[in-house]
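Take the sequences, apply the hints, and build the full model.
If you read the protein sequences in the order shown, they are chains A and B.
Note that the numbering used here has the first sequence beginning at 1, numbered continuously upward.
Note that the numbering used here has the second sequence beginning at 1, numbered continuously upward.
Don't read these hints as lab results, they were simulated from the structure.
Be a bit skeptical, because a hint or two may be false.
Chain B stretches covered by chain A per the calculated footprint, using a threshold of three residues with CB under 8 Å from any CB of chain A [unchecked claim]:
| # | region |
| --- | --- |
| 1 | 547-560 |
| 2 | 693-707 |
| 3 | 723-733 |
Here the structure is a predicted model, which means the values were calculated and not measured.
All C-beta atoms in this analysis are idealised placements derived from N, C-alpha and C, irrespective of residue type, glycine included.
Chain by chain, the residues:
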Amino acid sequence: MMTRLNLFLFTFTILSSHLLSASASDLILTKVDRRIDLSSQIVRTTTTLKVENTGSDIVSEILLSFPENHVNHLAHLTATLNEGRGKAKTSSGVGLPVEVVHPKGVPPKLTIYSVTLPKGLGKGDSLTLDVLAVFSHILKPFPEKITQADIQLLLFQESAYYISPYAVKVQSLTVKLPDARVESYTKLEDTKLQGSELKYGAYENLPPFSYLPIVIHFENNQPFAVAKELVREIEISHWGNVQITEHYNLVHGGAQSKGEFSRLDYQARPYVRGASAFRRLVAKLPPRAHSVYYRDEIGNISTSSLWGDSKKTELVIEPRYPIFGGWKTAFTIGYGLPLKDFLFGLDGKRFLNISFGSPINELVIDTLIVKVVLPEGSKDISASVPFPVKQRQETKFSHLDIAGRPVVVLEKNDAVPEHNEHFQVYYKFNCLSMLREPLMLISGFFFLFVASIVYMHADLSISKSSASYLAKIQWEEVQATVRQVHNIISRCLTTHDKLEASLHDLSRTGDVQACKATRKSVDSSLKELTKELKSPVAFLQSSPQAAQILPKVEEVIVKERDLQEKLMAKHSTVVDCYEKKLGGREIENRVALHHQKIAALRLEIDDIMDLIDEI
Amino acid sequence: MAATEAQSSLRHAFGNVLAFFILILIGVLAFSIRLFSVIKYESVIHEFDPYFNYRVTQFLTKNGIYDFWNWFDDRTWYPLGRVIGGTVYPGLTLTAGTLWWILNSLNIPLSVETVCVFTAPIFSAFASWATYLLTKEVKGAGAGLTAAVLLAMVPSYISRSVAGSYDNEAVAIFALIFTFYLYIKTLNTGSLFYATLNSIAYFYMVCSWGGYTFIINLIPIHVLLCIVTGRYSSRLYIAYAPLVVLGTLLAALVPVVGFNAVMTSEHFASFLVFILIHVVALVYYIKGILSPKMFKVAVTLVVSSGLAVGLAMIAVLVAMVASSPTMGWSGRSLSLLDPTYASKYIPIIASVSEHQPPTWPSYFMDINVLAFLVPAGIIACFSPLSDASSFVILYIVTSVYFSGVMVRLMLVLAPAACILSGIALSQAFDVFTRSIKLQLPSLSVDSHVDAGNASSESVVPNDTVKTDKIEDTPKERTSKKSKKKEKEPVEKPPSKSQIKKKLLVLPLETSIIAIILLVLLGAFYVVHSVWAAAEAYSAPSIVLTSHSNDGLHVFDDFREAYAWLSHNTEVDDKVASWWDYGYQTTAMANRTVIVDNNTWNNTHIATVGTAMSSPEKAAWEIFNSLDVKYVLVVFGGLVGYPSDDINKFLWMVRIGGGVFPHIKEPDYLRDGQYRIDSMATPTMLNCLMYKLSYYRFVETDGKAFDRVRRTEIGKKYFKLTHFEEVFTTHHWMVRIYKLKPPKNRIRGKIKKSKAKASSKPASKRKELKRNPF
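Structure follows, in structure tokens:
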């Protein structure tokens with residue numbers, strides 16, 4: 001059945017090729033070597049074409065054709081001139097411009113790409129062209145649903161002949177398979193399976209658009225990690241850091257898993273029961289990456305390891321659970337990079353030079369969005385990417401921004417590791433803008449303090465003549481006066497203490513004269529104090545606000561005077577006694593009464609003083 | 001004169017600045033001691049309830065306040081749903097939401113999660129400042145600072161407010177202390193301004209936590225105490241009356257409280273005291289305007305008529321209380337008054353470990369040395385007894401009682417213990433340092449005299465200092481001073497307080513030793529608190545770690561399972577699990593759950609409990625009727641995680657049996673013992689929980705040794721007929737099963753289709769191999 005279909009297709013292509021052959025130019029492909037790498041989920045086809053111009057006209061473009069089912073999955077296509085064997089292929093690796101063209105007479109199922117040569121190919125000249133085509137999602141799992149125990153089998157369809165609008169003289173096809181079982185493959189005459197390499201050819205002298213379908217059904221347990229969406233945010237801070245945050249939305253793109261998932265089986269024999277699942281991914285970060293984190297929306301994911309040397313930093317991440325076919329997960333990787341490795345200056349402008357794609361190995365990305373967040377105040381922004389992408393600009397607000405940061409958004413569908421090329425974003429930025437936010441903070445705090453100083457020193461009462469305001473002022477005056485009174489009385493008390501002390505000295509030394517002298521000085525100072533006391537008391541009596549406190553104050557003054565008298569009396573008695581040279585007992589007897597009274601009065605005064613103090 | 005005044009004011013200012021900086025440092029301490037969980041683990045929301053609060057906050061920040069009030073959550077309690085806006089205390093959510101909003105409008109890009117994680121530490125700093133204010137009102141600034149330091153690191157409060165513990169209590173303790181502070185402030189000043197603030201603080205407390213009933217009962221009790229002890233004053237009236245009127249009005253604005261603010265018995269005490277304080281105020285007023293004789297006449301008149309009215313009022317009140325269900329008391333409050341109530345009647349309350357009464361060691365663990373300082377603090381509060389200090393005493397007494405009923409309420413005790421210990425410590429320091437201060441200068445002066453004059457005179461009184469009455473020494477000292485240092489500014493006279501202090505002077509050596517001991521005690525408290533914060537209370541409980549010989553081992557199974565659910569199941573699938581994991585499932589996996597930690601519907605929980613304790617087929621029918629697609633069980637048998645579903649299983653049986661009588665607890669017990677080994681009852685070995693937990697467990701080690709129960713399980717080899725395993729985490733801690741689709745009814749058909757199914761793949765495959773197109 002299949003072969004019949006193939007035959008039909010074959011004849012169809014042969015027929016149609018005749019239609020085109022007239023319009024085709026005089027180029028022929030003298031040798032075509034194709035290598036198809038099927039060892040991972042990404043299919044890479046490397047074709048080496050030896051082109052010869054047999055016609056008379058100068059040819060400036062070469063056409064490449066791909067069948068429809070391949071074109072839909074074509075993620076990346078480059079053609080490079082290969083000049084001589086000795087040179088490395090990449091040295092001339094600046095890709096030639098490639099574009100889709102629609103020449104007449106091409107079978108409808110084919111898409112033609114045209115490679116523009118740097119200089120025309122003259123008559124009889126030949127050149128070698130390397131074409132790298134990368135396909136994603138082209139391997140179809142078959143069966144589509146497998147259980148945990150099954151291995152993952154894939155189908156790959158290709159043509160054994162190189163489909164080309166030109167005649168091909170000699171061609172061969174090598175298919176590199178992963179080191180595993182090959183379930184089946186289309187057997188043709190010149191087919192050899194050597195180890196993990198499958199060879200078709202060589203075929204000779206085939207007309208244009210020759211087509212011979214082959215199908216390879218093989219086992220492949222490589223991780224089929226597909227990022228449905230990857231948002232990379234590259235934030236430039238001129239304080240010396242490039243912060244990269246990558247949000248992954250990952251799915252296992254291989255055969256769907258069905259039935260039970262048994263952890264037991266998976267743990268006991270992980271490479272048998274769960275061969276198709278992948279449990280870890282390796283991300284190669286640039287060297288000197290720091291502050292790496294790996295988390296998802298519910299927190300840190302603890303299964304990751306990081307090591308690095310001067311050339312790269314390798315981050316091995318494990319999703320929270322092994323990813324079986326069709327299972328999804330989402331996570332975020334973030335890391336910081338030193339600014340000087342990626343930001344350069346060029347005649348007044350700055351430009352960021354950083355790789356475009358994901359650092360994770362062999363990852364297919366359906367939608368890749370790269371956002372470059374430039375510092376606030378950047379101008380004249382332009383981006384240059386080596387392949388076509390959708391571009392737009394956004395604004396992002398973060399970290400005390402006022403105007404917002406310009407964001408260059410680059411969107412690319414079907415990205416593969418080949419897109420990990422460096423791209424540039426050019427912009428102008430004044431270094432003084434860097435100081436804007438710190439200055440803002442400083443001035444903010446400065447004004448806060450100034451405001452609080454002003455508030456503390458300014459009188460903010462609304463009406464200066466309002467009753468409550470006046471009352472407040474009066475009350476403050478009263479308080480001040482009361483404090484004055486309090487002070488004076490405490491000084492009185494101190495002088496009392498002096499007097500007492502002199503008595504004490506007297507008892508020890510018996511120096512009556514000294515004691516009298518003290519008495520005199522105390523008397524005078526007490527008088528002064530009494531005088532001093534008059535004016536505040538008068539003020540208190542006059543002030544209505546003091547009505548509450550006045551009785552206490554008066555009481556304390558009276559008590560103090562009382563105490564003064566008692567003390568004087570005591571003092572004179574003691575001095576008298578000493579002058580009369582009476583015995584110690586006698587003196588004590590006489591003084592005892594005074595003593596008690598004085599102590600009692602003193603306590604009372606202290607109590608009242610405390611009360612006043614509290615007011 | 002002026003110089004001394006300036007000096008004293010400068011000293012005053014210096015003291016203020018010092019106190020201010022100490023307070024800032026206390027805030028920093030309170031914040032940073034709670035960051036152990038972030039440093040040791042990660043910045044993540046902890047445990048169960050915080051996940052719900054986090055989810056609500058996310059909703060609030062995403063949809064705004066109006067949608068939040070009207071939020072009907074269909075992700076939980078399937079198929080009933082839950083009105084979140086009307087059943088949640090919104091204080092915490094609104095606080096964090098506001099914080100986030102302010103930060104975001106300043107363009108500071110912090111995620112909602114980060115704000116939620118750090119809300120609790122921020123508010124514990126606020127709480128320690130509020131403690132300072134409260135204690136300052138009671139016993140002065142020194143005691144305030146001490147209490148604030150103690151509160152900043154009291155383990156009991158740390159346990160509820162580590163970074164990530166995003167729960168109501170984190171905010172509520174601040175609100176509680178602040179409300180009390182404003183009450184005391186009003187009581188001390190009699191200012192209506194503070195009374196209004198007090199009502200607003202009370203409103204915030206009502207928004208934040210169900211524990212607000214503690215305030216609305218404690219304050220009336222204190223008012224009553226003041227009235228009874230004859231301490232009624234206009235200040236008391238101003239402190240209380242506005243609080244009741246404004247506070248009740250404001251409380252009724254919170255949807256979850258609503259009319260409960262006037263309908264339930266928890267609030268009756270406040271109204272009764274409200275009436276009483278008016279009567280008392282009236283009596284005082286009349287007493288003021290009448291002569292004593294007339295007053296007596298009036299009293300007899302009023303008492304006789306008032307008695308009748310009062311009786312009638314009481315009758316109405318009793319009737320009202322009796323007519324309401326549960327006599328107007330909610331279950332949780334009843335279990336506070338009668339500690340045995342919950343375990344007798346409400347298994348769902350009793351099943352929560354934090355609703356159990358605490359053990360003695362937990363007091364030591366949670367408040368540590370404060371337990372010994374509190375009595376001293378109470379004594380200090382009695383000398384002299386003021387309105388404020390009587391309030392603090394009342395607070396500690398009631399909270400000790402409540403903490404004895406429920407472990408959770410240890411949290412209410414902690415601030416009271418801190419305040420009283422702060423008072424005790426500061427008073428003790430006061431006494432000791434003063435006695436040192438009063439003795440040290442005399443020593444120095446004496447020694448100075450010795451050195452200068454070399455006269456033996458001064459030595460004699462020096463000796464008497466220690467032997468004789470202490471009273472003499474200061475006089476001696478002052479006399480000498482005044483004599484010797486005449487030039488010095490006149491020393492302030494020993495005021496009365498100083499005289500009093502003289503009476504309290506302790507021997508020098510004793511006070512030095514006592515101070516050293518007190519410092520040691522404080523150091524012990526600090527060490528214990530830091531240890532508790534770092535080791536005991538910082539585990540987020542969704543990530544577990546264990547230290548083994550080969551380093552740290554992380555058990556991140558819960559998040560593994562939730563992440564799997566969230567990414568690999570349909571968005572509308574229903575997940576059944578025991579209610580403990582409801583909040584986490586909705587928040588982390590974003591899947592609809594049948595029951596969750598808001599245990600408002602006992603029947604629904606009983607249904608899940610019944611399903612878990614039924615045999616497979618019956619369980620499948622129950623789950624299928626609830627539209628459940630996945631069943632999640634937590635199993636610790638492989639790694640020895642003790643709080644798994646098998647250990648909680650008896651509660652499922654009890655709660656299930658409480659509603660569905662065909663589930664009987666004895667059926668699951670062998671001779672009253674709960675066991676899962678070969679001696680277990682057949683009902684136990686055939687129930688769904690057993691099967692889902694131990695499915696294929698025997699194949700791990702060949703013996704099926706359960707590391708939690710430390711035994712081999714009873715039934716080792718069995719197959720599941722109605723469920724299939726779809727996911728098991730790395731350490732088997734979470735196992736997720738899917739309900740198999742219902743089979744066709746006719747047996748013959750099943751067989752046929754089976755036969756077909758077995759033969760089909762082979763043939764199909766062959767065919768397909770040949771021609772895959």
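Test coverage of the region 723-733 of chain B by chain A using CB-CB distances below 8 Å; three residues minimum.
Held - the region 723-733 of chain B has 8 residues with a Cβ nearer than 8 Å to chain A, which meets the minimum of three.
Do at least three Cβ atoms from the region 547-560 of chain B come closer than 8 Å to Cβ atoms of chain A?
holds (count 4)
Counting residues of the region 693-707 of chain B with a beta carbon closer than 8 Å to any beta carbon of chain A, are there 3 or more?
holds (count 3)
Checked against the numbered hints above, the structure breaks none of them.
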